[in-house]
Structures are given as structure tokens and as C-alpha cells.
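Asks: If you count the sequence shown from 1, position 133 lands on 133 in my numbering, and the numbers rise without skipping.
FYI, nobody ran anything at the bench for these hints, they're computed from the structure.
Yeah, the Cβ is synthetic: ideal placement off N, Cα and C, and Gly gets one too.
Among the hints, erroneous ones may be present.
Restricting the straight-line Cα-Cα distance to at most 25 angstroms, the calculated cross-link-like pairs of lysine-lysine (DSS-like) are [unchecked claim]:
(1) Lys190 x Lys79
(2) Lys47 x Lys79
(3) Lys181 x Lys79
(4) Lys79 x Lys151
Label pairs and their calculated CB-CB ranges [what the hints assert, rightly or not]:
(5) Leu2 x Asp172: 39 to 49 angstroms
(6) Gln160 x Phe3: 15 to 25 angstroms
(7) Thr8 x Arg40: 26 to 36 angstroms
(8) Gly195 x Pro23: 44 to 54 angstroms
(9) Leu133 x Arg4: 12 to 22 angstroms
(10) Ile104 x Gln160: 25 to 35 angstroms
(11) Cys193 x Leu133: 46 to 56 angstroms
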Amino acid sequence: MLFRDLVTKGRNYVKFDGSAAVPEELLLDLLELACYVPSRGNLQPLKYLLVTDCSETGPLISMLFPEGCFAGWSGVPEKDRPRAFIVMFGDLCLGSDFGADSGIAAQTILLGAADAGFGGFIVHSFDREGLSLHFGIPGFYQPLLVIALGKPAETLVIEQMSGDDPITGHTDKNGIRFIPKRMQRDVMLKALCRG
């Protein structure tokens, strides 16, 4: 798969094939990929919790809050839910600024999942304290984000947006979800190139 195709497939999916398990070996491979990415000061402060047990995915889903176009999975039938979750934590013993590290690692995990035919969704809004308490995570690990993973059961199409177009996507009558994205010409302030 071309890298450009991989990036466009590494999107935030909201509908999954709940009958397709995410292999544990793949989850471990994705974590290994995350270990290889750049880290500020090479501190490598990120830690992970893998959740695939059906008795634990339900409680975890109930701790995720709707944000943006994401309505959550609490009212969604199990057949349309993700099957695995990676919860990312920042080790406060190693620092307190995890922004760049967490973004690079999360995107790498999504790219690895896309390469293996899976998809995901990065959730930033969730009950951090409740999650840590439920899973018995010590307080010096700060919950950063949750990555939901599964076999995508929807088609996503990136469409060009311009000017003041709304950033929310839409789904057509065939169930294809369109995601508006600004294009290169809209994000480049200036090009100072010689040649």
C-alpha cells in the first residue's frame, strides 16, 4: 500500500464489524511500533493498557464521552462496536508534557492498524479518573487518550473543503461518510523556496 493511501485509510472510523476480533498479536505489534517513534528528549514516557475482554470493553465504552461528530458507542449495538482498545498513559515520573509524544504514537498505531486492514478512532474526551480507578492504574500514570480498534464497517471519503465550509462531515444515503479536509493551498502560509 502506498504511504498516501495508508494515511488516508488511517482515519477515525465510528462503525465497526463487531464480529471481527482484533488479534492480540496485532495489538502487541502496534505497541512495538509505538516504541520506535520519536520521543521528546528520548524520555519515552508513554505506557499502555490493552482492553479486549468483552467484560471490560462495555465499562470502558461507558466512560467515553461524545465529542465533535463522535456520538459515542454506549447506545450502539455490539455488532457495530470496536473490539479492542488501547488506553495511552503518560508516566508523570518521566515528565508532564506528553502532547507531541502521544500524537505521534497514536497516529503510528492507526497507520499500523490500517496497514493490517483494521481501523480506529482516537478518543480524547473520557472519564480519566473513573478509568484509572476501574482498571487499578496508579495515580502517577496520567490517562491521555483511548484508541478504539476494530474492522471498519463503513467507507470513508476525504473531500476537499474550502474557505468557511463546515468541518463536520456527512453520511450519504449509501452509508458513505464524507470527511471534509483543508487542502495544501489552504494550510500553507507561505513558501520560501529557492530553485
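Asks: Hints the structure violates: just list their numbers, smallest first.
Replies: 1, 2, 3, 5, 9
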